[in-house]
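Visitor: Residue strings, one per chain:
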Amino acid sequence: MARFVFTRLVQSLAALAILSVVVFILARATGDPLHLILPMSASEEDYANARRYLGLDRPYVEQYLSFVGRALTGDFGTSLRARRPVGELIAQRLPNSLRLGAFAMTVSLLLAFPLGVLAAVWKGTGIDRAAQVIAVLGQSLPTFWVAIVLIEVVAGRLQWLPAGGIAGFASYILPGFTLGWFVVAGMMRLLRSGMLEVLDSEYVKLARVKGVVESRVVWVHALKNALIPVVTFAGIYFSILVTTAIVVETVFAWPGLGRLAYEAISSRDFPVIQAVVLTTAAIVAVVNLSVDCVYAFIDPRIRYGR
Amino acid sequence: MAAEHARGAVAGSLPVLPARSRGGWRGRRLPVFPLTIIAVFVLAALFANVLSPADPGEQSLRQRFTPPVWDERGTWKHVLGTDRLGRDLLSRIIWGARVSLTAGVLTVLLASAFGAGVGLVAGYHGGRVDSVLMRITDATMSFPVILLALILAVTVGPSFVNVVVAIAVILWARYARVIRGQVLTLMELDFITQARIAGASARRIILRHLFPNTLNTLVVLITLQVGYVIIVEASLSFLGAGIPPPTPAWGSMIAEGRDFVTSAWWVSFIPGLAILLVVLAFNLLGDWLRDTLDPKLRQL
Chain A
1 MARFVFTRLV QSLAALAILS VVVFILARAT GDPLHLILPM SASEEDYANA RRYLGLDRPY
61 VEQYLSFVGR ALTGDFGTSL RARRPVGELI AQRLPNSLRL GAFAMTVSLL LAFPLGVLAA
121 VWKGTGIDRA AQVIAVLGQS LPTFWVAIVL IEVVAGRLQW LPAGGIAGFA SYILPGFTLG
181 WFVVAGMMRL LRSGMLEVLD SEYVKLARVK GVVESRVVWV HALKNALIPV VTFAGIYFSI
241 LVTTAIVVET VFAWPGLGRL AYEAISSRDF PVIQAVVLTT AAIVAVVNLS VDCVYAFIDP
301 RIRYGR
Chain B
1 MAAEHARGAV AGSLPVLPAR SRGGWRGRRL PVFPLTIIAV FVLAALFANV LSPADPGEQS
61 LRQRFTPPVW DERGTWKHVL GTDRLGRDLL SRIIWGARVS LTAGVLTVLL ASAFGAGVGL
121 VAGYHGGRVD SVLMRITDAT MSFPVILLAL ILAVTVGPSF VNVVVAIAVI LWARYARVIR
181 GQVLTLMELD FITQARIAGA SARRIILRHL FPNTLNTLVV LITLQVGYVI IVEASLSFLG
241 AGIPPPTPAW GSMIAEGRDF VTSAWWVSFI PGLAILLVVL AFNLLGDWLR DTLDPKLRQL
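Protein chains in written order, with the numbering used here: chain A, 1 to 306; chain B, 1 to 300.
One or more of the hints may lead you astray.
Pairwise CB distance ranges, derived in the manner of DEER restraints [to be verified]:
1. B:Thr102 x A:Ser266: 49 to 57 angstroms
2. A:Leu13 x B:Ala198: 38 to 46 angstroms
3. A:Ser266 x B:Gly57: 19 to 27 angstroms
4. A:Ser41 x B:Pro245: 26 to 34 angstroms
5. A:Ala102 x B:Thr262: 44 to 52 angstroms
6. A:Ala102 x B:Val42: 17 to 25 angstroms
7. B:Gly57 x A:Arg58: 24 to 32 angstroms
8. B:Phe191 x A:Val61: 49 to 57 angstroms
9. A:Pro114 x B:Arg208: 42 to 50 angstroms
Please keep in mind that the hints were generated in silico from the structure rather than gathered at the bench. Values in this document were obtained by computation on a predicted structure and should not be read as measured data. Just so you know, even glycine gets a beta-carbon here, dropped at the ideal spot from N, CA and C.
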């Protein structure tokens, strides 16, 4: 098990290193950021000074190495636009994203589990059909459109909830729901098909024959194994959640990492782009690593197989 | 449904051959609703120049924010109303169908061709080749699509080609994973061993023996992902990193109408409805195809 974790850890670090190179190259390719920072009236000399001041005149390899060196100590440079340390911006925005993500994930789990299991147990009934409709809509509705409609109806016409920004629990509900729906859809479908398969298996029949209470058969014996495919896909869910969060945060004016990414990209703020992408990638890597470990733990075939 | 699963289970241990898929088609009702919607939008996209009542780019400020025809103030001249520049929404939806469907289909075809290739090679060779390719696949799969697409869009400038490439660069990984899994199962079967003994080259085994047996899965995955790609493309256009104006793209139409939702809801609402219908149709068709061709396939 220790060896398995170690190999995975090295692989994740290698992937992050490659990604940092790609991001660095891409960020340089977005065009000269000085055009955006300096006023129209800036002279050649102003450009040269600014370039030297920001270290943009040095060779790319040198810029990259110093970037990595400083990034490892948490120093991502200064935002070209906000003129503030990038680390500070990230530290300020990240908790908001994590809170929204955690809220959306909790809502998704609370909805997906009962719905997925009950849809399998009562296959073909009204509950099953309702669950299927929720799932297929969740996967077919464009998130940003749902967000706009919710803002207009729930926040605008009905005035029930705030339309955007972050202020108290009420402001979590609309973005959290929008963010969670897509995840609920996928997770529920996986749980349903997993449960259907497991409920049909020999060991579940044996448990029933032995006289185990039906609710225990479903929620303990069957659910345990039906969870395996859900865990397999957990990493992908997470990256989908991150992707969706960029759109949701932008529409709901949520001061999180996703909105920061959107702002940074539209103003070609190199240091911020790099930092946001790498932070996100690092979080995704950590989540994937944990998922792999959990997976290897609950399914011994993986530990010994590869 | 139960019989379907049972047959899938038995077939899983045998070479997956046309017999099974033919059996699956028989006696299953065609999904009329999704097929009709897809047909309508495909026709709209193909014959946009004939079907659209007006030029999608023609502005007429005098007629801006004309509501749809069922509203008292609506006219038959603009059945679905007009936007803030007085452009005819129906025409823009029809031309937008061309953009969205082309982007969706093209992206998925690119991604599936590359992904299936990687999956076939990794599964066939196994060992080191397999583990290296699968690590790359996993790393790609866990990277948020929109983040890369946004970076690319700003780096190289937003354009149709960039959107397609940006999404395909991430999407192929899902195909690689699934196809490789299938190939691993197929490699255990006798007919591959026999092909080897008969002296078939790696290329021949991959193309003639492995690839045809993964086709069912590929068709299902392709159908299910067209909808996903259309949503991602629309999200990018919505964020201003997709297909640039004045090309009518559904995502940017929603973005343009966003500030006027309260006074002119139809400008944002109708393109959203178009996306919902198309994506829903592809998802339902994909589900049906999966139940028919490959009931054991698991995906998001």
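Visitor: Next, verify each hint and record whether it holds.
Guide: Consistency of the hints with the structure:
Between Thr102 of chain B and Ser266 of chain A the beta carbon distance is about 26 angstroms. The supplied range of 49 to 57 angstroms is therefore violated. Checked against the given bound of 38 to 46 angstroms, the beta carbons of Leu13 of chain A and Ala198 of chain B, roughly 45 angstroms apart, stay inside it. Checked against the hint of 19 to 27 angstroms, the pair Ser266 of chain A and Gly57 of chain B passes, with Cβ atoms roughly 25 angstroms apart. In this structure the supplied range 26 to 34 angstroms holds for Ser41 of chain A paired with Pro245 of chain B, their Cβ-Cβ distance being about 30 angstroms.
Between Ala102 of chain A and Thr262 of chain B the Cβ separation comes to about 32 angstroms, which falls outside the hinted range of 44 to 52 angstroms. For the pair Ala102 of chain A and Val42 of chain B, the beta carbons lie near 42 angstroms from each other, so the given range of 17 to 25 angstroms is not met. One distance hint, 24 to 32 angstroms for the beta-carbon pair Gly57 of chain B and Arg58 of chain A, is violated here, with the actual separation near 46 angstroms. Look at Phe191 of chain B against Val61 of chain A: about 52 angstroms separates their beta carbons, and that is inside 49 to 57 angstroms.
The supplied range of 42 to 50 angstroms is met by Pro114 of chain A and Arg208 of chain B, whose beta-carbon atoms lie about 48 angstroms from each other.
Hint check: violations occur at hints 1, 5, 6, 7; the rest are consistent with the structure.
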